[in-house]
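Visitor: Now for the letters of each chain:
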Amino acid sequence: MSILGTRVVRTEDPLFLTRGATYTDDLTDDRLAGALHATFVRSTVAHGRLLSVDTSAALEAPGVVAVVTAEDVADLVPIPPPFPFVNRAMTRPWLASDRVRFVGDPIAVVLTEERYQGEDAAEMVAVDIDPLPAVVGTAAAAADEVLLFPEAGTNVMASFGEPAPADFFDGCEVVVTQPMVNQRVAPVPLESRAAAAAWGEDGRVTVWCTNQGAQQARGQFGDWLKMDPDLIHLITPDVGGGFGAKIGADPEYALIAWLAKHVGRPVRWAENRSENLIGMLHGRAQDQVVTIGGRRDGTIEAYSLVVDQDCGSYPRIGTVLPTLTMLMAPGVYGFPRVHAQARALATTTTSIGAYRGAGRPEATAALERAIDLFAAEIGMDPAEVRRKNLLPAFSEPHRTPMGATYDNGDYTAALDKALEAAGYAELRAEQARRRERGDVRQLGIGMSVYVEITGADNGAGTGEAASLEVHPDGTATVLTGTSPHGQGHATAWAMIASDQLGIPVEKITVVHGDTDRVPEGGGTMGSRSLQQGGAAVHQAAGELVELARQRAAEKLEVDPEDLVVDLGLAGLAVRGTPGTGVTFADLAADEQLLVQTRFTAAAPTFPFGAHVVVVEVDVESGKAQVTRLIAVDDAGTILNPLLAEGQRHGGYAQGVAQALLEEVLYDEDGNPTTSTLADYPFISATELPSFELVEMATPTPMNALGAKGIGEAGTIGATPAVQNAVIDAVAHLGVRHIDMPTTPMRVFRAVQQAQGGN
Amino acid sequence: MQISITVNGQQRTDEVEPRLLLAHYLREVCGLKATNLGCDTTSCGACTVIVDGLSVKSCTVLAAQTDGAQVTTLEGLTGPDGEMHPVQKAFREEHGLQCGFCTPGMVMAAIGVLADNPDPTDREIREGLEGNLCRCTGYHNIVRAVQSAAGAGPAAGQVPQAQEVAR
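Sequences listed follow chains F and S, in order.
Those letters in the first sequence? Residues 1 to 758, by UniProt numbering.
Those letters in the second sequence? Residues 1 to 167, by UniProt numbering.
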């Protein structure tokens with residue numbers, strides 16, 4: 001029986017559970033002996049002219065070796081926008097020189113012998129800022145009255161698409177429009193950002209940093225520091241979560257490398273959480289307007305989504321994410337007319353990057369809320385409206401009005417499975433009873449049906465590199481360009497190799513995140529790893545078998561065609577003649593047994609599913625509690641159910657978190673008010689139920705494993721299902737819409753307003 | 001100032017700054033890096049260790065305050081023969097960890113929960129671990145791991161060196 005599809009426990013865990021993983025701040029590498037500690041001095045003002053930075057007192061403080069300001073980094077070219085379509089004037093200085101653009105903008109760096117000395121000395125750097133008006137929110141940004149980059153002439157970083165034609169909704173019996181907020185949230189990987197750098201006498205720099213793709217980060221370092229990438233050895237040690245916020249190098253990381261050269265000593269940096277919550281990329285932050293039109297029989301004829309993306313101060317990945325939102329705007333439905341348009345806007349806040357789902361949860365949230373609004377308007381069950389408009393099951397590629405090509409899907413089956421597992425009819429009956437009785441705790445039932453894009457080209461193509469070597473002692477090594485940070489690739493890639501070679505999983509080592517050993521790689525993001533990186537390992541194992549076959553045929557003096565893989569032997573045997581084989585290890589002893597390959601997927605894949613969520617809402621306090629979450633997530637063939645389920649669970653929690661609780665907030669002056677975990681309501685165990693998972697697997701033809709991505713399904717499906725459930729719980733009281741997060745205060749006020757109060 | 005602390009069964013004496021946090025003492029002075037820091041506000045629990053039988057967040061305790069105390073970290077849970085603690089085993093079997101950053105604190109907190117209540121319900125586990133944050137697992141498999149560890153009996157709520165654990 002194949003090991004694929006079985007619940008193999010992780011090979012990573014014994015070390016993680018007994019000694020702990022080795023994160024960047026845990027490193028004790030000899031090259032970092034005597035490293036200085038970097039502490040950033042950051043702007044405490046959202047927007048202003050930087051008048052002066054006085055470092056004299058800090059330089060006198062104990063343990064201070066250097067205090068670096070903009071003048072010292074004048075030889076570094078300001079960082080250009082990461083995309084060609086962004087206004088070119090929106091460059092990012094390495095350290096603020098004449099202007100600060102968000103609370104957290106780096107102004108100076110203090111280098112000290114010891115860590116605590118850095119915090120002491122940083123407070124002694126005197127910064128004088130003449131405040132300018134803050135730009136908080138997309139409306140203020142779009143007004144273009146206060147500009148972050150006056151030389152750009154606008155706060156608009158980029159625009160995508162055109163307005164809908166004036167007659168777009170003509171002929172619709174019912175048209176519903178609703179502005180909605182897909183709020184700014186903080187990714188909060190438990191490991192904050194950290195980096196370390198040391199230069200060798202050979203002119204090369206070794207950089208360690210916590211990141212989702214060493215190779216991509218190395219390329220950025222090279223571009224920014226004007227260095228040959230071959231002179232940069234970038235290592236991502238164990239990484240304590242990323243969720244998209246560790247995609248791409250942060251300027252701080254490259255600055256640590258520059259500082260190490262500047263002072264001629266190794267330098268390390270580890271931010272604390274309050275620095276992380278203002279300095280690390282945030283996610284989502286879209287203001288949307290949805291308009292949906294159709295007939296009273298439930299047929300939807302036209303759908304429009306208009307997005308204003310808050311990008312924060314400096315352009316990062318968030319600037320381009322509205323294009324993914326637009327691409328996925330039609331979702332699982334076959335609407336005849338779909339329109340989407342977006343603007344990306346600069347505000348005096350922390351920059352926006354990718355956060356689990358990255359553009360697709362925003363599309364699904366808008367669409368699935370729109371369906372519920374339409375259903376409420378015509379008085380039809382939301383499940384029925386969905387069924388009426390879902391694309392029929394398809395096994396040949398389907399091209400959408402927005403230009404995506406879905407590989408395959410059966411959305412009705414997914415919805416039906418989820419509703420059946422939930423016991424939908426009985427839930428509605430229970431809801432009716434509670435409404436009839438006027439219970440304080442009302443029941444809400446929400447659902448979503450989603451399709452998402454995974455394995456999209458992230459700039460490194462739709463492929464991945466892998467190499468596989470069997471050693472004479474019977475062990476094997478896999479080198480992969482993916483970058484696991486909790487996903488379990490060490491186990492999963494070993495399973496794939498083991499399945500074809502018969503070498504036990506425990507004897508296969510997976511190496512990643514080291515650009516000297518793995519120069520090529522696309523990292524782990526966009527739910528690409530298994531369908532591209534795993535597929536590359538699968539391809540490598542197949543190629544290794546063929547290489548071994550030729551060598552074994554010579555060694556055994558038989559026809560290669562007569563040799564078959566003997567998994568028990570971990571080698572090749574002559575067909576029909578037991579005991580005649582040769583092991584891969586024996587062949588490796590004769591001559592290095594190594595293959596290097598690259599797998600390229602023909603196209604991205606489109607996982608899909610349906611979620612049903614049950615909430616209880618206390619109508620007197622407004623508090624919502626999720627009591628059940630039932631999820632169908634079809635990601636094609638599952639390699640290791642234990643790992644796939646873990647990915648789903650984590651996504652559901654983040655979906656519930658966004659729908660119910662979490663939001664990054666700024667006051668009108670641009671001061672962050674959620675910059676510690678005491679203020680930012682990170683979801684805890686008490687706010688979640690145990691989840692109910694329903695299996696469905698439609699293999700994709702895009703790779704030999706049949707695998708689609710699973711990493712982001714949870715946030716995409718769960719978020720709107722929870723939001724819909726909360727609104728459904730109070731819909732009978734006249735509530736039509738509540739923006740996320742559906743906090744007790746928001747729910748309470750919505751009920752009060754619907755009942756005619758204030 | 002000078003402090004004497006028994007860390008994972010070994011007594012040691014160190015000269016420390018009075019303001020040194022226990023978490024930094026364990027990491028930087030003792031070289032025990034399993035204990036992680038995930039916040040500055042006693043919110044996340046990644047730094048949870050056991051001090052004289054109590055599970056505490058070591059970012060909120062000064063090393064000086066533990067002078068004379070017995071401290072157990074994740075590294076101190078494994079027996080001399082390499083045998084994992086029942087809670088460690090259960091976390092592996094139930095896939096109760098992904099990136100691993102919250103794990104050392106989560107394991108120590110789970111031991112505290114089981115010391116307090118050897119047979120907790122799903123809800124009691126969730127309430128017991130409310131002060132320990134995880135971004136990867138959605139807590140689903142952590143709750144299952146604690147339930148599974150409870151099945152191992154009283155050892156699941158104890159740390160080596162026969163220290164009594166209570167919350």
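Honestly, the hints are just simulated from the structure, not real lab data.
In this text, a Cβ means the ideal position worked out from N, Cα and C, and glycines have one as well.
Take the hints with a grain of salt, since some may be wrong.
Pair by pair, the computed Cβ-Cβ distance ranges are [as the list claims (entries may be wrong)]: (1) T6(F) - G68(S): 33 to 41 Å; (2) F83(F) - Q2(S): 39 to 47 Å; (3) Q2(S) - L59(F): 30 to 38 Å; (4) Q10(S) - P504(F): 33 to 41 Å; (5) G403(F) - D119(S): 37 to 45 Å.
Where chain F lies over chain S, by a calculated footprint (3+ residues, C-beta under 8 Å) [unchecked claim]: (6) 53-63; (7) 75-81; (8) 85-96.
Visitor: So, for every hint listed, does it hold in this structure?
Guide: How the hints compare with the structure:
| no. | hint | result |
| --- | --- | --- |
| 1 | T6(F) - G68(S): 33 to 41 Å | 50 Å, violated |
| 2 | F83(F) - Q2(S): 39 to 47 Å | 57 Å, violated |
| 3 | Q2(S) - L59(F): 30 to 38 Å | 32 Å, holds |
| 4 | Q10(S) - P504(F): 33 to 41 Å | 36 Å, holds |
| 5 | G403(F) - D119(S): 37 to 45 Å | 56 Å, violated |
| 6 | 53-63 | violated (count 0) |
| 7 | 75-81 | holds (count 3) |
| 8 | 85-96 | holds (count 5) |
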